[in-house]
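Engineer: Residues per chain, in single letters:
Protein chains: 4
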Amino acid sequence: MIINGVMIDATFAEAFPMKATRAIITAQNLKWAYHSAQAMTGFATSIIGCGCEADIERELAPDETPDGRPGVAVLLFAMSSKGLARQVEIRASQCVLTAPTSALFAGITGSDIPLGKNLRFFGDGFQISKLINGCRYWRIPVMEGEFLVEEATGITTAIGGGNFFILAQSQTQALAACEAAVGAINKIPNVITPFPGGVARSGSKVGSKYKRLKASTNEAFCPTLKGQVSTKLSPEIESVMEIIIDGLSKEDIKKAMYAGISAACNLGAKNGISRISAGNYEGKLGSFHFHLQEIMK
Amino acid sequence: MIINGVMIDATFAEAFPMKATRAIITAQNLKWAYHSAQAMTGFATSIIGCGCEADIERELAPDETPDGRPGVAVLLFAMSSKGLARQVEIRASQCVLTAPTSALFAGITGSDIPLGKNLRFFGDGFQISKLINGCRYWRIPVMEGEFLVEEATGITTAIGGGNFFILAQSQTQALAACEAAVGAINKIPNVITPFPGGVARSGSKVGSKYKRLKASTNEAFCPTLKGQVSTKLSPEIESVMEIIIDGLSKEDIKKAMYAGISAACNLGAKNGISRISAGNYEGKLGSFHFHLQEIMK
Amino acid sequence: MIINGVMIDATFAEAFPMKATRAIITAQNLKWAYHSAQAMTGFATSIIGCGCEADIERELAPDETPDGRPGVAVLLFAMSSKGLARQVEIRASQCVLTAPTSALFAGITGSDIPLGKNLRFFGDGFQISKLINGCRYWRIPVMEGEFLVEEATGITTAIGGGNFFILAQSQTQALAACEAAVGAINKIPNVITPFPGGVARSGSKVGSKYKRLKASTNEAFCPTLKGQVSTKLSPEIESVMEIIIDGLSKEDIKKAMYAGISAACNLGAKNGISRISAGNYEGKLGSFHFHLQEIMK
Amino acid sequence: MIINGVMIDATFAEAFPMKATRAIITAQNLKWAYHSAQAMTGFATSIIGCGCEADIERELAPDETPDGRPGVAVLLFAMSSKGLARQVEIRASQCVLTAPTSALFAGITGSDIPLGKNLRFFGDGFQISKLINGCRYWRIPVMEGEFLVEEATGITTAIGGGNFFILAQSQTQALAACEAAVGAINKIPNVITPFPGGVARSGSKVGSKYKRLKASTNEAFCPTLKGQVSTKLSPEIESVMEIIIDGLSKEDIKKAMYAGISAACNLGAKNGISRISAGNYEGKLGSFHFHLQEIMK
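Keeping their order, the protein sequence lines are chains A, B, C and D. Counting along the first sequence from 1, when you hit position 176 you're at 176 in my numbering, and nothing is skipped either side. Counting along the second sequence from 1, when you hit position 138 you're at 138 in my numbering, and nothing is skipped either side. Counting along the third sequence from 1, when you hit position 256 you're at 256 in my numbering, and nothing is skipped either side. Counting along the fourth sequence from 1, when you hit position 16 you're at 16 in my numbering, and nothing is skipped either side.
Note that these hints are calculated values from the structure, not bench results. Note that this is a predicted model, so its numbers are computed, not measured. Please note that the accuracy of each hint is not assured.
Unchecked claim - Result set (DSSO-like, lysine-lysine): computed pairs, CA atoms no more than 30 angstroms apart in a straight line:
1. A:LYS226 <-> B:LYS117
2. B:LYS214 <-> A:LYS130
3. A:LYS205 <-> B:LYS284
4. C:LYS250 <-> C:LYS297
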């Protein structure tokens, strides 16, 4: 399959079940909602080292938020409900409770993931509970005024590790295609691209020659190793970057992959974009398979 | 002491010894250096819940970086050398190794904090070492090309918890003064303001009525509790925000406090800025005391 | 009428008929679409000195643009069709033709305002015409590749000078309310706020004691002149800022005024927002009257 | 001459004498200083259609500005003193006088270019003059409070049209090299790059086959015309972009060209950067010649 001169590999992205939640952070203005959300979703590129994968999902207008203020929605993903809850609580306490003018609300129906449920004790007995339309909110006195926080947010099954590779003839071209792809994916709801700027440049394989290391560089896709290993790169490929997508459903990830791959292909062969591929473990590990050529049909 | 109508309290900020390091992240352009640095220093507001306190220190021009590319310097602080090393390594592996086009260098003389020392094993035997002017660098093959990373960076004694409070007649005024103060502090080298946007709105006291909780809201500074507790706020104060400063030396923190307090006072009483105060434990816990009136002399 | 402690004056904004057009600028990525659009809509705050009033209306996803690339929509307003056409042509030639990777398309049905119609001659005979679905496009060879530009865009009747005043107890509070208001208005389609950051701080009256000057400071609303002139400000008002809205229809301006005033009132009296008023010439000059209390009902 | 695989042409940039001035815009915070400065320097890419060439020069810390607030320095260039004065006055009146919380100061010694000298009449007789250290300032009452503006700023001889071309194998690569170059030039004082994002993609030659047109596309550098005209491009070049630099002196432009060309060459041949060239009229028109190979020695 070829789109605008770009080869779409007959392969698939292999993805895994995760648990996810959404929270809504509002503030006096968008800038301060972003400050809080960026802190909360920082250092959250990969579940392995960060405890969760997280990012800002989208901006919210005042008429889309519970308190009529501007805000942002954040999505957080982890392997288990318990692990997710722990990450949400500690990140909310360090990055939202502390952030000037912010409030924190549920972004998914349900009450599995505590928001204010335990944070309220920071109020040292001065916190006040309000029940509005069946939802419990806490008003916690702080130096700046009050921190308004909903009791809990919901949890949902989700998918982590949707992905595709962009193979290009130079680093600048791979990066430009990634910028285009991430820009397009950012417009799709229910998904995030948790790596820095949405892009990962260090794809890994399972295992390593060093025993303690569970993952190491994916040498078959490393351009500088083309002469030394059994490579999957043709001679003209000099840079490969990966976009990893976590989403709430298969459909969401498919839409994001379609938007991202389309944007990369839009730059086309004339901009040195040679191939789109994807990362998988030959179907042995992940239960979700996203076939590139099906998605791009 | 009164500056532009703003009362400067006869009190002091109580701060603690920490360990700190600086690293330099370069990339193809500043935008991607920021992407990596923001991920690496995200979720790093307070040592208690985040493992370290970290932020971007400043932007670097191409002629200020080891590889002649644009970059940023980041500062990270922790209580112990070991704790700091662990945070730097895991954050570098998740947020710099993975970030497209980035390289990572020492920002302080010395080699106490591993950068590439262990990250190199990700290269699975294909990594290459270079010794230039006595510094060891690693070239680790990745899908995008190569990750260039220095062996290690230095460590230094440092100070955490420099701080001051801005007491204002409304939330919008306190926030405007904080924006001015953080803007001024951002121009000072060797310091960071680790909280979201540089500001903390939930100052805490040691202890709580709930046994398990080691810290809780500082009710004496909570405007909504003026009628219920022994308050430190006069009737017109309706919002208090805190700026917390970590720095490499006493002098650095003094300069930052001077710049920040000056900027807040510049807005003055006519903009509802009433008082500047600071957080301390009556001198019982922290070994560094920053007296506001001395600093502002 | 009082909203959250803020008095809504029983007055109206007086606005004028204008002509408007919309153009769409796409580029390799959003950043470069913004660079072009910001140049094109710069120095366009007021029709009096700038020749037109213009601003970015909103961001466009790849699936919303004619060439499937990311882009932004810009709106430009002038008093006459001829004046508008002249401004669009010169601004397109200086700021879009010149901007790397940009393309320029109609954003309103019609062909009254030339886009590529005359710009094409820059191609010096090498330009090529394409007719797609009844629309003519020009491909103009440039050093970077080709500038793709639609023949023309449409024109529509429009309204300039929708406005409201925010009266506050300090400058920082007025500014915070303006930021909130402009943030909310930015989410409304078909309108722009052409002044710097969306705000004007120098409201004017018709005429002056200096004969050559057609407009001068609106002293009845100047806080520093409360003691010297017949003021419209009560003693506690220390700062007044104005938000000026140009829109494609009465309904659009009403929606924008509602969103903006709501956001300002959301901060409320406790943040020093005292009154909302509006600018008019007692109905003598402008044919559109926007009554604040009707809009906020 | 070859740098990192990039050919440096044995040619020169031909530049012209201009007049320039610097002004300083301060505000309550950097964001609002930028809002004003971006409006003032918008639609100012080329002297031909915009009346002046202008851009933000650099950010200023509070201790670098006359009123101790954060600010930015802007540079404006025109062909004559009179033309420059007219542009500065109209742009200051539309974009700084109107911008909330802004103040406007001289950035160069001298008093040739009016700032407040005529703007003061907007005060309608209520303006107040202050003489501080031999400089006259005006306090003009406005709705927001007062507009503080210095009487005048200086003028200096300057140079417009310093330039270089980046020739690359694809559009994405040319753009990446331009981003790197503009990023590096932004760190150099006394210069601006007035085109959108600092880059021009539509280099022109003098004259056209259409009599009324004084300039048209530089077809010898148009990649799509390689087969039709006497081209200056070798077969692999598919995109050419130009960076135009205005500066206060020859030395400033040389430093900027060196920094920009170095940054582009840093990406190198492996990123498709093939050649650096420059625009000239064979020495017939401009009095300043910047030889690329001399600058890069």
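Engineer: All hints are to be evaluated individually against the structure, with a verdict given for each.
Structural biologist: So, going through the hints one by one against the coordinates:
1. A:LYS226 <-> B:LYS117: Distance of about 25 angstroms is within 30 angstroms: holds.
2. B:LYS214 <-> A:LYS130: 26 angstroms, holds
3. A:LYS205 <-> B:LYS284: Violated - the C-alpha atoms of B:LYS284 and A:LYS205 are around 52 angstroms apart, more than 30 angstroms.
4. C:LYS250 <-> C:LYS297: 16 angstroms, holds
The structure fails hint 3 only (numbered hints given earlier).
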